[in-house]
Amino acid sequence: MNKAKNKLIRYAVIVVFILLTVLVGVINIINFTMAANDADTITLALANQNGSFEGNMQGGFGNMPQDMQDPFSNMPGDMQSPENMQGPGQMGPGSMNPDAMNQSFITLTQGNDQRPQGGNYYFDGQQGRRGQMGPMGPSSPEMTESIRYFTYAFDKSGNAFKVAYQISAVSENDAAEWAKSLLSGSTGWTRGTYRYRVYTKDNLTFVTVIDQGRELLPSYRILIISVVGEIVSIAILYLFLLRAGKKLFEPLEAADRKQKQFIEGMEQKFQVPMTVINADVELLERKGGVSDQTSSIRRQVKTMSGLLAHLSGFALFESEETKVKADLSRIVTEAVENKPAAYKEKNIEVDVQIASGIEMEANAEDLKAMTEELLLNGSKYAKSFLKLSLSKTGERIKLQFENDTDLEDGEYDQVFDRFTCLSNAEEGSLGLGLSNVKEIVQKYRGRAKAFVKDSVFTVQIDL
Amino acid sequence: MKILFAAPDRDLLRAYKEILTEDFGETQTAFDGPQMLTLLAEGNYDLAVLDKGLPRIENKLLIDHLKSEGIPVLSLLDCREKKEAKDSFNAICYPFTPSELEESIKLMTSNTYSTLASESKAVTENE
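In the order they appear, the protein sequences are chains X and L. Position in the first sequence counted from 1, then plus 477, gives you my numbering. Position in the second sequence counted from 1, then plus 32, gives you my numbering.
A couple of the hints might just be wrong.
What the hints assert, rightly or not - PhoX-like, lysine-lysine: derived pairs with alpha carbons at most 20 Å apart:
no., chain 1, residue 1, chain 2, residue 2
1, L, Lys84, X, Lys746
2, X, Lys864, X, Lys845
3, X, Lys639, X, Lys657
4, X, Lys864, X, Lys823
5, X, Lys764, L, Lys49
If you are wondering where the hints come from, they were derived from the structure by calculation, not from laboratory data. Because the structure is a prediction, the values reported are computed rather than measured.
Here chain L stands alone, though its shape is the one from the complex:
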């Protein structure tokens, strides 16, 4: 599995790059929106883990772009935002442990969610 982890905290990126690479496979990290888009253009990812506060590009635009690419998105939110978030995408709220994140990733990369992501891509193309 190839994972793209995007968050504005370098320590967080460093720690999870190591953990996710060890547990899932290749993991690339992005510090801001443009960097994330550059990485997306260069490779095919199976999952994106995206912090809501990623700077320089609006979060909604990034999510729409990921969905159009057929890439499932796991959002990192604070708990207030998670309560208000619609159920159209999956989320995990800060602070989380590595095991909690990995459990969410496993859930997302099951067949069910892959299908949902493909359907979402089809809907976006038709629009």
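Looking at chain X on its own, in the form it has when it is part of the complex:
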């Protein structure tokens, strides 16, 4: 029962762990990808301004190539002064033409469309409409003031020319060396939190490096918080399931216990009466001779004895056992030595090929029961021979029983189903023997199959 409970808890934790990991992974991948895209937007802006924002602060993006939008240069003269800004949500005093304001914040990706896109909000001085948040991210006109970067240009000889140096964390010499080391790339992250871009213009190769440390800090925080949150969630789930699992399984454990007690009690209650019936039938036959009635009683008692022997296999949950190394070679050899008398009585030739030293972690009684059941089955249905082989290839153990038969060629895995008997089944057969074999095999994560080929019935066990 504990095994089933632990299995449930383990699977539940694994599934939740996988789901949370995927979720956290997707969120963080998207987050960092967006951070990279934002950084690329800025490096592209710099590339389009020949690697420098210097001298272009007034009015936003400033002097841009003819084929790029230049909203501030299109603004009315009075728009370029901060004192003229007005409207709800705006920062300064004064008035402003709302229409002109609408042109103020344009991203480089918009082409000729001057309206902000991609979720950027903008100030709107029109009455009745709400001005919510200011522009954010790389499209903000504040970006040119706040970005820390450097740009170096290199000629074909490898000589470096400083284009822009707006950074404090790196010296000019280091910046030049750093930029030179990036010449073979195109764009990407460098030294963890710096984004770079390499581009050529006028026979010069430019390398722009921008510092994104401040922008990446929230992303890293989200990463750490999400991972820690996931670990804590899994731990809480595990503890909860440990506690809840106990309550959940209590009724099942009680049912399992009752069933086992019932089966044990039934076994005991039946055993002595059947022994008495056997003894009295013996006495009747001694006094009055064998009759159909006494023979019938013997058969029925034998059937009931067989059923009793398999009753313990009907438990709900397998019992907790400690598995040790069992010598399967020895177990099979001993079982063959003690094989049913029917082999001798029916003159069945038994051919045995048992590789020595084959061991496995299992309960020796289970392996013994499995082998004895297969030998018993062979003794019932073999016509003239039984071939038994035990071998090991790598980690796989193969136990095979073959006997001649009248059955037609084909697959016969149904013999492993409970209460299933084939057409050649012995009278009184319960159809439980091979089903017990399969249960033992499955207990040790093995496979069992049965088939007939060329009038040879084969039971193959892989462990």
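Please arrange chain L on chain X, whose structure you already have, making use of the hints.
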């Protein structure tokens, strides 16, 4: 051969008293522990067939007493108990047929087991 058959089921005792008397010789039956001890005190037995569930006296005490008397013991167990039983004594598990019981008795009363029973008596006396 003189056999003592002890089990808590009267029908079982009746049937096997008749069978074992016919096949082996005098057979006495006991329904519980005190009755068994009384019979032991009155006669010399060659073999005791003892049901594990014989009431009123602990089974281990009865077996120890039989061994101290040098009497081989054939225990009647259910199959679960037989699997768990140590090999220090012989056993047959329910349900059994008369032929199975008789085969076990013949095996036990062979010379080998008589010797083992005597050795066991010697060990107990030394203790």
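Quick rundown of the hints versus the structure:
Among the hinted pairs, lysine 84(L) with lysine 746(X) is consistent with the structure: their alpha-carbon atoms are about 14 Å apart, no more than 20 Å. At roughly 18 Å between alpha-carbon atoms, lysine 864(X) and lysine 845(X) fall within 20 Å of each other, so this suggested pair holds. Straight-line distance between C-alpha atoms of lysine 639(X) and lysine 657(X) comes to about 12 Å, which keeps the hinted pair within the 20 Å bound. Distance hint between lysine 864(X) and lysine 823(X) is fulfilled; the C-alpha atoms sit about 15 Å from each other, no more than 20 Å.
At roughly 15 Å between alpha-carbon atoms, lysine 764(X) and lysine 49(L) fall within 20 Å of each other, so this suggested pair holds.
Every hint, counting from the list given before, is met by this structure.
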